[in-house]
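Protein chains in written order, with my numbering: chain A, 1 to 314; chain B, 1 to 328.
Treat the hints with care, since some could be wrong.
[To be verified] Computed spacing ranges between beta-carbons, pair by pair: (1) B:Val-190 to A:Asp-72: 42 to 50 Å; (2) A:Arg-35 to B:Phe-144: 24 to 32 Å; (3) B:Ala-187 to A:Val-51: 16 to 24 Å; (4) B:Ile-319 to A:Ser-42: 51 to 59 Å; (5) A:Trp-36 to B:Ser-79: 58 to 66 Å; (6) A:Pro-82 to B:Pro-179: 41 to 49 Å.
[Stated by the list, open to error] With a straight-line Cα cutoff of 25 Å, these simulated SDA-like cross-link-like pairs (lysine to any residue) come out: (7) B:Lys-7 to A:Arg-187; (8) B:Lys-7 to B:Tyr-174; (9) B:Lys-7 to B:Gly-172; (10) B:Lys-7 to B:Tyr-316; (11) B:Lys-7 to A:Asn-147; (12) B:Lys-7 to A:Glu-188; (13) B:Lys-7 to A:Gly-270; (14) B:Lys-99 to B:Gln-76; (15) B:Lys-99 to B:Leu-314; (16) B:Lys-99 to B:Val-113; (17) B:Lys-7 to A:Val-121; (18) B:Lys-99 to B:Gly-172; (19) B:Lys-7 to A:Ala-63; (20) B:Lys-7 to A:Arg-47; (21) B:Lys-7 to A:Glu-219; (22) B:Lys-99 to B:Tyr-174; (23) B:Lys-7 to A:Gly-184; (24) B:Lys-99 to B:Ala-18; (25) B:Lys-7 to A:Leu-150; (26) B:Lys-7 to B:Glu-284; (27) B:Lys-99 to B:Leu-318; (28) B:Lys-99 to B:Tyr-316; (29) B:Lys-7 to A:Ala-137; (30) B:Lys-7 to A:Leu-142; (31) B:Lys-7 to A:Ala-38; (32) B:Lys-99 to B:Ile-315; (33) B:Lys-7 to A:Ser-136; (34) B:Lys-7 to A:Val-138; (35) B:Lys-99 to B:Glu-284; (36) B:Lys-99 to B:Leu-248; (37) B:Lys-7 to A:Leu-148; (38) B:Lys-99 to B:Lys-7; (39) B:Lys-7 to B:Ile-315; (40) B:Lys-7 to A:Val-77.
Calculated directly from the structure, the hints in this document are not laboratory data. Glycine included, C-beta positions come from ideal geometry on N, C-alpha and C.
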Amino acid sequence: MSESSAVPRPLPSPRRVRAAHDAAGEARTALRPPRWYAVIWSSRKARIGVVMLSVFLLVAVFADLLSPYRPDDATFVPAQDPSGAHWMGTNTLGYDIWTQLVHGARLSFAIGVLGGVATIVIAIAIGLTAGYREGSAVDDVLSFVTNLALVVPVLPLMMVIVAYSETRGLALLVFVIAITSWAGASREMRALIISMRNRDFVTAARFGGDSMPRIVLREIMPNMASLVVSGFIGAATGAIAAEAGLSFMGFGDPNTVSWGQMLAQANANGALVQGLWVWLVAPGLMLALLMTSLTFVNFGVDLLSNPHLREEDD
Amino acid sequence: MAYYLRKTGYFVLTLWAAVTLNFVIPRLQPGDPAEIMVRQLSGQGEIDPAQVAAVRAMLGYGDENVLVAYGQYLRQLASGDLGISFTYFPFPVVDVIGKALPWTLVLVGLTQVVSFLLGTLLGALAAWRRNSRFDATISVGSTFVGNLQSVWIGLIVLFVFAYTLGWFPASGGYGYTDPGWTASHVADVVAHGFLPALTLMVTAPIGFILSMRNTMVQVLGEDYIRLAGAAGLRERTVALGYAARNALLPVVTGFALSLGVLMGGSILIESVFDYPGMGRLMGEATANRDFPLMQAILLATIVIVLTANFVVDLIYPLIDPRARRAAA
Numbered sequence: 001m002s003e004s005s006a007v008p009r010p011l012p013s014p015r016r017v018r019a020a021h022d023a024a025g026e027a028r029t030a031l032r033p034p035r036w037y038a039v040i041w042s043s044r045k046a047r048i049g050v051v052m053l054s055v056f057l058l059v060a061v062f063a064d065l066l067s068p069y070r071p072d073d074a075t076f077v078p079a080q081d082p083s084g085a086h087w088m089g090t091n092t093l094g095y096d097i098w099t100q101l102v103h104g105a106r107l108s109f110a111i112g113v114l115g116g117v118a119t120i121v122i123a124i125a126i127g128l129t130a131g132y133r134e135g136s137a138v139d140d141v142l143s144f145v146t147n148l149a150l151v152v153p154v155l156p157l158m159m160v161i162v163a164y165s166e167t168r169g170l171a172l173l174v175f176v177i178a179i180t181s182w183a184g185a186s187r188e189m190r191a192l193i194i195s196m197r198n199r200d201f202v203t204a205a206r207f208g209g210d211s212m213p214r215i216v217l218r219e220i221m222p223n224m225a226s227l228v229v230s231g232f233i234g235a236a237t238g239a240i241a242a243e244a245g246l247s248f249m250g251f252g253d254p255n256t257v258s259w260g261q262m263l264a265q266a267n268a269n270g271a272l273v274q275g276l277w278v279w280l281v282a283p284g285l286m287l288a289l290l291m292t293s294l295t296f297v298n299f300g301v302d303l304l305s306n307p308h309l310r311e312e313d314d
Numbered sequence: 001m002a003y004y005l006r007k008t009g010y011f012v013l014t015l016w017a018a019v020t021l022n023f024v025i026p027r028l029q030p031g032d033p034a035e036i037m038v039r040q041l042s043g044q045g046e047i048d049p050a051q052v053a054a055v056r057a058m059l060g061y062g063d064e065n066v067l068v069a070y071g072q073y074l075r076q077l078a079s080g081d082l083g084i085s086f087t088y089f090p091f092p093v094v095d096v097i098g099k100a101l102p103w104t105l106v107l108v109g110l111t112q113v114v115s116f117l118l119g120t121l122l123g124a125l126a127a128w129r130r131n132s133r134f135d136a137t138i139s140v141g142s143t144f145v146g147n148l149q150s151v152w153i154g155l156i157v158l159f160v161f162a163y164t165l166g167w168f169p170a171s172g173g174y175g176y177t178d179p180g181w182t183a184s185h186v187a188d189v190v191a192h193g194f195l196p197a198l199t200l201m202v203t204a205p206i207g208f209i210l211s212m213r214n215t216m217v218q219v220l221g222e223d224y225i226r227l228a229g230a231a232g233l234r235e236r237t238v239a240l241g242y243a244a245r246n247a248l249l250p251v252v253t254g255f256a257l258s259l260g261v262l263m264g265g266s267i268l269i270e271s272v273f274d275y276p277g278m279g280r281l282m283g284e285a286t287a288n289r290d291f292p293l294m295q296a297i298l299l300a301t302i303v304i305v306l307t308a309n310f311v312v313d314l315i316y317p318l319i320d321p322r323a324r325r326a327a328a
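Could you put the whole structure together from the sequences, leaning on the hints where they help?
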């Protein structure tokens, strides 16, 4: 921000600055705000979310240890009932359902992390640019595109883009999800940077002669971190749901097993009519539980950015 | 007046952007759609360049110059020409969509309106009885149910109510009755539409519940609510006439946004129930790479959502006079 150099600023003596700094340091230790993990852990919903998410993560990491079979092994006797050898039975295609289920956690995590990161990166880039240049033509164009992207139905748009592509796979899914889902988070980033720019502590830092990168890194970023994290978790949740929807419509990653693909196969092969409840019910529940755990964790993250919520939650 | 002019201008601008997006998407793809199409139709065999050229001309890719192609595309669009469908050859895309559109409009429209009423009511109740058991159940329950996949709900609903209990037909838009405005046909259509609507109704109110609850909790902290209570107004008057009415405003602006989500959900649900609407058509079109059809459906879907957004914008000043004054 170039106007900061134009503002005449007083030059306090070095000793006074140091004294003030020390006093502020003492006040900070006395009134230290609770650590971020303590804030998150203070919410019961977030505690439940963290525990659930950890379980899912462990399942994804140790999928190979949790099942003796490969997820793409279709050599079993089809449509078996649950037994010691096949904990959840096998489906009509000859796959072991439990094996597919634990390996499906991997793809959901991969798509959540990659899709979430890609989405939030686009959201930050567009939101911050628009916010920094509030009121300019750049902001007008970016805000218009953001508002449009917000109302455009995402699923048909994703389906059209995927249908044009000649390849299928994880990279395509991540690309399509990111390019269609950034708008909500981007609008929040823009609003935050606008409110942040005019806060007293930012003005103070500017008058104190801090450089722009320093203001962004030391003053604004710590205040934005929780919003970026909650935006990332929200985007990850959306990405997991989008993968399930796309996989159900037949546009998934053909090289791996996913819960969305299990749903699609269960549907195509009449799982319920054949009495293979687990085949359909389990992947649907896993998706809902994983997404709910992410939503619950986000309750805790929201407490960081909005202290007013803290005393409300038990 | 200035408000309405501005909103109309914005609507026209968004329509233009949607139309342009529809033109741009196929041209951003690395491959040549015409070539993909011909290869698809002819299997793995040789590709005849003349055939590719013919398809390209049919799609409007004939002109090398993008601007010329764009002008031609706009002219065709203005005359209602969206190309010929592959899957339903030789029917024009417009005719194919025209048959499917009413099914989806009725299904999604009804679901959306009922969800809005139900969701805002439940959300307002949860906020009014804040921190009660009812509130906790609604809040946590909505989070979990909202994360359920609509196809998953649909398949279970289908199994329970159609296969096991046999109360409703399992698929299609109507059974063996002759189409027309007869009582038996209407009843038939309602019976076929009930399960898809029920499925969408499980998740559709969630967004309204949560946003209504959160805004109303904020509104309940306002001074005028305390004043109304202190003035001795009946509790119901304060809750509905004061708090809920004001809390409704931000929820109304989210109406169009949630419509887009619901239109996406209807693609999945119509495929599950084999319902003859635009959603199922979209599934068919993308699976068969029927490019003209799927692009037209995408365009129609976006235009529907934008129009709904515009209508909400037009109605909004009636429920919040401040919007009118701020613009003037």
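Hint check:
no.	hint	verdict
1	B:Val-190 to A:Asp-72: 42 to 50 Å	44 Å, holds
2	A:Arg-35 to B:Phe-144: 24 to 32 Å	29 Å, holds
3	B:Ala-187 to A:Val-51: 16 to 24 Å	50 Å, violated
4	B:Ile-319 to A:Ser-42: 51 to 59 Å	39 Å, violated
5	A:Trp-36 to B:Ser-79: 58 to 66 Å	60 Å, holds
6	A:Pro-82 to B:Pro-179: 41 to 49 Å	47 Å, holds
7	B:Lys-7 to A:Arg-187	20 Å, holds
8	B:Lys-7 to B:Tyr-174	40 Å, violated
9	B:Lys-7 to B:Gly-172	39 Å, violated
10	B:Lys-7 to B:Tyr-316	11 Å, holds
11	B:Lys-7 to A:Asn-147	13 Å, holds
12	B:Lys-7 to A:Glu-188	23 Å, holds
13	B:Lys-7 to A:Gly-270	49 Å, violated
14	B:Lys-99 to B:Gln-76	21 Å, holds
15	B:Lys-99 to B:Leu-314	29 Å, violated
16	B:Lys-99 to B:Val-113	23 Å, holds
17	B:Lys-7 to A:Val-121	31 Å, violated
18	B:Lys-99 to B:Gly-172	14 Å, holds
19	B:Lys-7 to A:Ala-63	53 Å, violated
20	B:Lys-7 to A:Arg-47	45 Å, violated
21	B:Lys-7 to A:Glu-219	38 Å, violated
22	B:Lys-99 to B:Tyr-174	14 Å, holds
23	B:Lys-7 to A:Gly-184	21 Å, holds
24	B:Lys-99 to B:Ala-18	23 Å, holds
25	B:Lys-7 to A:Leu-150	17 Å, holds
26	B:Lys-7 to B:Glu-284	36 Å, violated
27	B:Lys-99 to B:Leu-318	35 Å, violated
28	B:Lys-99 to B:Tyr-316	32 Å, violated
29	B:Lys-7 to A:Ala-137	19 Å, holds
30	B:Lys-7 to A:Leu-142	18 Å, holds
31	B:Lys-7 to A:Ala-38	46 Å, violated
32	B:Lys-99 to B:Ile-315	29 Å, violated
33	B:Lys-7 to A:Ser-136	20 Å, holds
34	B:Lys-7 to A:Val-138	21 Å, holds
35	B:Lys-99 to B:Glu-284	15 Å, holds
36	B:Lys-99 to B:Leu-248	36 Å, violated
37	B:Lys-7 to A:Leu-148	14 Å, holds
38	B:Lys-99 to B:Lys-7	31 Å, violated
39	B:Lys-7 to B:Ile-315	11 Å, holds
40	B:Lys-7 to A:Val-77	62 Å, violated
This entry does not satisfy hints 3, 4, 8, 9, 13, 15, 17, 19, 20, 21, 26, 27, 28, 31, 32, 36, 38, 40, going by the numbered hints stated previously.
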